[in-house]
Amino acid sequence: MAINVQSAEAAVRESRLGAITGYNGTIKDLVSRASCCSLKNRERCFSQASACSSGCAQGYLSGIEDAAIVNHAPIGCAADSIYGNTANKWGESIRGWKHRNINFITTNMTEEDTVFGAVNKLREAVREAYMRFKPKAIFVTTSCVSGIIGEDIKSVLDELSDEIPVPLSPVFCEGFKSKVWASGFDAAFHAILTAIVKPPEVKTNKVNMINFRGGAKEAITAILARFELEPVFVAPFSTVEELSKMSESAATISICGTLGSYLGNGLEEQYGVPYVKSLQPHGTAGMDSWLRGLGKATGKENEVEEYIAEEKARITSELAVIREKLKGYKAVVGMGPSFGHNYIRVLQELGVEVVWGATWHFDQHYDHGTCPESSRKLSDSETDIPISVCDQQNFELLNLLNKLKPDLYISRHGGTAVWATKMGIASVMVADEYSAFGYQGLIDFGYRLIDAVTNRSLAKNLSARVKLPYTDWWLSQDGFSFLQEEVG
Amino acid sequence: MNKPSGVNAFMPYIERPRFSCALGGALSTLNSLPGVVPVIHASAGCGGNVFASQQAGSAYYGAGYCGGLAVPSSNVSENEIVFGGEDRLREQIANTLDVVEGQLYVVITGCMTEIIGDDTTGIARGFRNQGKPVLAVDTGGFKGNSYRGYDLVLERLFSEQVQKANEKAPDVINLWGAVPGQDPFFRGDLAELKRLLGLLGMKANTFFSYDETLENLNQAGSSVGNIVISRTYGVEAARTFEQVHQTPFIAVDIPIGPAATAEFLRKAADFAGINASVVEKIIADEQRDYYRYIERIADVYADLDLQHYGVVVGNASYSYSITRFLAEDLGWLPELVVITDCLGETHKEELKVHFGEIKYIKTPKVVFETDSSEIQKHLAEHWPLFSEKRYFHSFSPAFVFGSALERDLAAAIGAKHLTVSFPASNRAVLNRGYAGFKGGLHLIEDILDVLVAGR
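Protein chains in written order, with numbering that gives the first Met the number 0: chain A, 0 to 487; chain B, 0 to 454.
Because the hints were derived from the structure by calculation, they are not lab data. You may find that some hints are simply not true.
What follows is a list of derived Cβ distance ranges for each label pair [claimed, not checked]: (1) B:A411 with A:K329: 36 to 44 Å; (2) B:G61 with A:K329: 46 to 54 Å; (3) A:E111 with B:E387: 41 to 49 Å; (4) B:K167 with A:T453: 51 to 59 Å; (5) A:T453 with B:E262: 24 to 32 Å; (6) B:D284 with A:R447: 17 to 25 Å; (7) B:Y59 with A:T382: 50 to 58 Å.
Listed next, the stretches of chain B that the computed footprint assigns to chain A, with coverage defined by at least 3 CB atoms under 8 Å from CB atoms of chain A [said to hold, decoys possible]: (8) 85-97; (9) 400-407.
Computed from a predicted model, the values in this text were never measured in an experiment. Cβ coordinates follow ideal geometry from the N, Cα and C atoms, glycine included.
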């Protein structure tokens with residue numbers, strides 16, 4: 000399905016990418032069924048709190064330096080901005096910037112508003128956001144409430160565009176519309192693509208680097224400089240002006256396949272900016288594939304090969320030492336689908352045996368039409384790996400961990416790692432998207448894992464004294480017994 | 000009836016809110032009660048998102064027994080929005096009873112399931128009639144903020160979970176009003192006040208302390224009285240308690256430091272019918288210990304000339320008590336108080352009058368403002384921050400007591416800063432509290448930590 004910039008909103012991942020949130024099987028089965036599009040979702044008759052599109056969309060957009068968010072929602076949806084502010088602070092410290100609070104206003108929808116509507120409050124809030132923050136763009140994020148009562152946000156913004164001289168863009172990210180919260184990233188990128196990105200005036204040597212906080216900013220700038228390329232870190236910590244020129248770049252690359260699909264393919268379809276469709280740059284195989292894809296897109300194949308050979312030679316002996324130290328350790332991975340399937344490979348490169356991989360959803364194909372590269376790569380390898388798809392479902396994960404008793408639990412989302420710790424399992428949370436980035440990153444990550452298994456006293460002490468909330472009955476059940484039959 | 004908390008209909012918009020919604024407050028309240036398992040009837044994101052904001056906002060409060068991503072949640076989506084979510088909720092509750100161990104399960108709702116009109120209370124009653132410990136509270140986020148959620152949950156627990164008692168126990172008292180997940184210091188504060196009431200010979204149920212079980216709540220009907228340590232939060236719940244169990248209550252300020260705590264103990268003793276000489280002896284002992292520590296720290300205070308002007312930003316309960324501590328115990332000059340809650344007009348007036356009763360200082364300017372970027376304007380209106388005049392009495396040295404959001408303000412006016420209110424993302428709080436005598440010492444420690452950090 001092509002990306003439709005004429006449409007007001009991005010289609011959700013279930014319909015656009017055949018995304019599912021319930022599955023239990025193996026990587027080979029998952030990929031072979033995805034490749035012939037015969038995978039159907041399995042719902043749950045017991046579930047636990049997770050995340051939603053609105054949180055993803057607002058969290059992501061609020062990082063743009065000179066934009067403002069107006070959230071048309073009851074107060075709780077905007078409380079996200081508290082976490083958004085702390086995440087923002089982290090990115091600021093990476094850059095050595097002075098701290099500023101994110102620009103965020105909520106329309107504070109109340110019970111009355113659900114009956115009479117609140118477009119007047121929205122109008123006032125957008126005006127106020129413009130006055131207070133002097134932003135270069137305003138994104139209006141929707142909510143379950145604004146969606147259910149059918150608020151005509153687009154008309155309000157069309158009217159206001161006469162008096163407010165910056166792009167005003169709706170972001171349709173109602174939580175109930177998709178069980179795949181990554182749909183919220185697509186909603187955010189749809190707004191950026193349709194309201195911010197301008198047609199190219201010149202072609203540049205810039206590379207759109209789609210990411211989150213940009214922890215490896217310096218390293219990437221140095222690597223790309225060798226290829227006479229210059230990264231633009233998209234979208235948090237960039238400016239509206241920088242984003243508007245993404246159409247002029249030589250290529251788009253992404254730290255995460257899930258995150259990058261919509262914008263990368265959108266820029267390619269609309270403006271001919273090639274999107275690098277590779278493994279993600281975690282570990283050696285990932286970095287090889289990512290850099291080669293970039294080299295091909297920008298005509299720098301030889302320079303890339305030189306760099307790869309140099310770096311690999313540099314880490315060979317160190318990697319062997321780490322692999323020796325991590326030999327025999329078993330890990331379970333629980334992450335989003337792109338990170339999950341990429342990190343399983345990273346752990347294997349480090350000599351760790353991955354006994355289970357759980358991902359929060361699975362896209363049967365990306366916007367460029369093929370099954371995710373990282374999933375195909377895993378399924379092509381000799382050994383098959385048990386895989387499940389569970390939207391952060393804690394009861395399934397803990398049931399699994401209790402049976403598998405791995406040495407390590409590798410996670411990527413806040414609130415997941417602590418449960419492994421409570422079970423006495425050393426956990427490593429990949430909060431920085433550039434952990435295990437490339438060759439040096441692989442070595443650093445290897446040492447991180449060695450440290451984690453070296454002293455597990457906190458996990459051991461805690462697990463001896465903490466009561467988990469699950470009944471003995473549940474922990475003795477098959478962990479997937481609440482998954483229903485596939486539905487079409 | 001005057002509804003002091005959570006009535007926010009008249010706030011057309013709020014910048015970077017300092018609270019979550021009614022569902023968020025209900026969730027952190029239930030997650031702090033021993034043996035209680037919340038069941039959310041809402042979209043998948045509600046539980047995760049309000050937890051993320053409380054986690055960052057309330058000084059890393061954590062998931063606890065069954066919070067965070069472990070909270071059972073029906074995760075309704077488009078299908079339920081169109082066809083109704085009652086079947087899904089029944090299924091979710093039935094399976095929760097099998098999967099999650101708890102003594103009481105409380106269903107709380109989000110906006111979407113209330114708009115579509117699911118009969119959550121009826122479904123919970125169905126389970127209760129079969130002998131299952133299930134309750135439900137309508138906590139749709141649009142009903143108000145976290146503070147409202149706290150009251151809504153307590154009201155339901157007091158009317159349906161607390162057992163009717165035929166006889167009152169003269170030495171048992173209930174105490175609440177510090178809001179879990181909103182008041183970063185609620186555990187430490189409750190523990191100190193419980194300790195002090197214990198010195199008076201009272202057994203205090205706070206419901207949330209680690210040394211209590213659900214039985215403390217179940218048996219709370221036998222208490223002789225209720226003390227609410229807020230004039231704003233938990234007061235609605237106290238009225239409900241009074242109606243159902245005929246238990247009288249007093250709503251007092253959360254006491255911080257020796258002056259306020261002495262007054263608190265006198266009021267509590269009077270309320271519980273305890274002899275004045277008993278209470279005076281305890282106050283004298285506690286104050287003696289308190290001032291032994293102060294005597295030692297007074298050296299550096301005097302040498303560094305540490306008297307400051309103060310700006311206090313926070314919720315209605317804490318900002319009053321911090322201000323009073325600064326004025327009556329520390330000898331500082333609080334000039335501006337910003338109360339960041341959404342409150343009714345009558346209640347705002349009551350609070351303003353109350354600030355006028357603080358001794359030793361000219362009454363500070365009290366404003367009601369939810370939005371951080373507006374606070375500097377209020378300060379500038381009260382005390383000109385810049386001037387062309389040759390002689391200019393600047394607002395310095397100044398100290399801002401607020402949330403992590405006030406780092407901007409403090410930097411802009413060249414003031415020192417300590418986080419004492421939500422969101423408290425730059426602090427980690429375990430058992431620290433500012434209430435009572437011990438809390439006063441903690442607060443002085445934290446203030447001086449900031450002032451001597453550069454030495």
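Verification of the supplied hints:
Between A411 of chain B and K329 of chain A the C-beta distance comes to about 52 Å, which lies outside the given range of 36 to 44 Å. The hinted window of 46 to 54 Å between G61 of chain B and K329 of chain A is violated, with their beta carbons roughly 27 Å apart. Take E111 of chain A and E387 of chain B: their Cβ atoms lie about 48 Å apart, and the range 41 to 49 Å holds. About 58 Å separates the C-beta atoms of K167 of chain B and T453 of chain A, a value consistent with the hinted range of 51 to 59 Å.
Remark: the range hint 24 to 32 Å for T453 of chain A to E262 of chain B is contradicted by a beta-carbon distance near 54 Å. One distance hint, 17 to 25 Å for the beta-carbon pair D284 of chain B and R447 of chain A, is violated here, with the actual separation near 52 Å. In this structure the hint that Y59 of chain B and T382 of chain A lie 50 to 58 Å apart at CB is violated, the actual value being about 40 Å. Only residues whose beta carbon comes within less than 8 Å of a beta carbon in chain A count, and the region 85-97 of chain B has 5; three or more means the coverage holds.
Counting residues of the region 400-407 of chain B whose CB lies closer than 8 Å to any CB of chain A gives 4, which reaches the minimum of 3, so the coverage claim holds.
When each numbered hint is compared with the structure, violations occur for hints 1, 2, 5, 6, 7.
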